[in-house]
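Q: Listed below are the residues making up each chain.
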Amino acid sequence: MKMTKAIAAALGLALTATTVLAAGVHPGKESIEKSGYKGPETCEECHPGSAKGFLDTVHWKHASKVTNVEGIDAKVEYGMKNRIYVMCNGNDIVNNLKEIPKSPVTGKSKFSGCNTCHPGNHLSDVGSTGAAAEAAVDCLVCHSTDYDFRQRKPFKNEKGEVVMGQDRSTKAALAIGKPTVKNCMVCHEAAGGGVIVKRGFSFTKDTDAHAAKGMVCVDCHKAKDHKMPTGHDPNNWANDGVFVSCADTSCHGVKPHKDADLNRHCAKIACQTCHIPRTGGAFAKDFTVWEQTPDKFYEPTTLKKEANETTPVYAWYNGTVKNTPHFIGPKGSKKDGKSKITPFKIFQGKAYYNKQTGELLSMDFAQPMSDGDTRAGVLSAAKTLGLKNPEKIAKEAVPGWQTIYFGSNHLVTKTKALYCANCHAPNGVLNFKDLGYSDKEIVKLTSPELFMEKLAQKQKEEW
Amino acid sequence: MKKAVSVMVLVAVAALTIFCFGSVASAGEEIKMVGVITKIDIAGKDAKTATATLKDNKTEQLVVITVEDDLTLDKFKDHRIVEGDEIRCKYEVIDGKNVSKLFRKTAGC
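Keeping their order, the protein sequence lines are chains A and B. Under our numbering, the first residue of the first sequence is numbered 343, with each subsequent residue one higher. Under our numbering, the first residue of the second sequence is numbered -17, with each subsequent residue one higher.
The following block holds chain A by itself, in its conformation from the complex:
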């Protein structure tokens, strides 16, 4: 009798164990169910050090040392926290989350600030450290599949401070797992001022070959200790010191094709060039003139396209970045032996420049958002940054354009990948002359001689 009971118990245990594993249920669930979720301290019981470790990542600091960009200080950390460019003409410092002045038309205000895309609570803000910061990390925004986003918005507490809300319910903490696409897209989808603005970043089965296979962000961006591997987008500088590339041996390696002709091209042509033939999102913005939106607030005038609507430009890229007040983009050449032909989305933005120094100025969006007064935004930012004579700077500021090259690293396709004639026909997608090929080379590179036999064979097989 005792024996059977023991066996039954053992069987039962084994059963629960397998169901737990099979359903991917988080082993900490039972404990959280019992004691409730009190924030990172609950997780720390079994995952000690994870909150403290998190504070040392780009996702918390919005900055890191940057080694591949010219014209910046190697000792300073750069990122969304402090950079000034024209996709969003401010940063976490000048556009710190706050209530904007009331609209003169409707009398309404709203919260606005770049640092809403941060897993803190704003009281513990971008780059903060110490016990309060550790307790403020929103673990669930990346790890829960049952997060109530009504909680994740700014509000004023009883002291009048602006707080970024979080869902800290036990219910949300019972749905813990590896981050899903949705978790990452909470912030990444709307980067740059709305969905499909910055990069035309859509990750669905229709727009990306990997999404179609059921892959998620962290299948490629495999993080250890919350250090997320990234690439070398000329425009996205901050990094955790770890990198991912399509040609990593753990992914595809440098010779992924059965076709030797394609593999040979990988020495000079980035995988993205053939496999990401389209890009999308905003291609021009004007921060000097804001348009009124139906709710009577204002936003920068923006021209945009859907995820797969823009043809990229192609340039040699060796992973280092040219950075001037009017240009941010790839460095490299046909001859340096390191560069590859790489696709980019060109974005152009108009903003104010310092008349004295020629430097690009930044803008606090609060005032322009309320009444369209962009110079007031420049003035406020100049004051926040402690520039000398802010009034003079704002009054004399000169409108001008900056061109930025955005990396194009998602929207991967196999079926629409570029093939021989897409490049080697006379109307091919590459401008061989701009890429530095001589007239003689171009004659050769645009002759059907290169692909005639192969494509004829393929045509035969297809029919």
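Keep in mind that the hints were calculated from the coordinates and are not lab data. Hints may contain errors.
[Claimed, not checked] Straight-line distance between alpha carbons at most 25 Å, and here's what the computed DSS-like set of lysine-lysine pairs gives:
#	chain 1	residue 1	chain 2	residue 2
1	A	Lys407	A	Lys417
2	A	Lys513	B	Lys30
3	A	Lys450	B	Lys30
4	B	Lys14	A	Lys495
5	B	Lys59	B	Lys87
6	B	Lys79	A	Lys495
7	A	Lys638	B	Lys87
8	A	Lys524	B	Lys59
9	A	Lys407	A	Lys664
10	A	Lys524	B	Lys72
11	A	Lys697	A	Lys737
12	B	Lys40	A	Lys452
13	A	Lys371	B	Lys59
Computed from a predicted model, the values in this text were never measured in an experiment.
Take the given structure of chain A and dock chain B to it, following the hints.
A: Only chain B this time, still in chain A's reference frame:
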């Protein structure tokens, strides 16, 4: 006289038919609008369809939009999109329903 009337009726019928054809053809057209959500109706976590009522910013009319794409449905379920949000919407009239082709929160920089 009688004949004339019947001819006119015929012409009218013809015109109506053409008109109908015209509107059938335009059923494939996408209509664009910007409006604020006044109501979301979705039946539970597994719902495959939902409706959202938008107040058109231009006309102040209420327009009921049927939403069927998973991404937007999911945003209704976890409240990433809620009543009061301003939406940029493209829809097509299919079988009398305004079926959403694009449903995005407008958001400034």
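Q: All the hints need checking, so say for each whether the structure fits it.
A: Verification of the hints:
no.	hint	result
1	A:Lys407 with A:Lys417	holds, 7 Å
2	A:Lys513 with B:Lys30	holds, 24 Å
3	A:Lys450 with B:Lys30	violated, 36 Å
4	B:Lys14 with A:Lys495	violated, 28 Å
5	B:Lys59 with B:Lys87	holds, 15 Å
6	B:Lys79 with A:Lys495	violated, 33 Å
7	A:Lys638 with B:Lys87	holds, 16 Å
8	A:Lys524 with B:Lys59	holds, 12 Å
9	A:Lys407 with A:Lys664	holds, 17 Å
10	A:Lys524 with B:Lys72	holds, 23 Å
11	A:Lys697 with A:Lys737	holds, 10 Å
12	B:Lys40 with A:Lys452	holds, 22 Å
13	A:Lys371 with B:Lys59	holds, 23 Å
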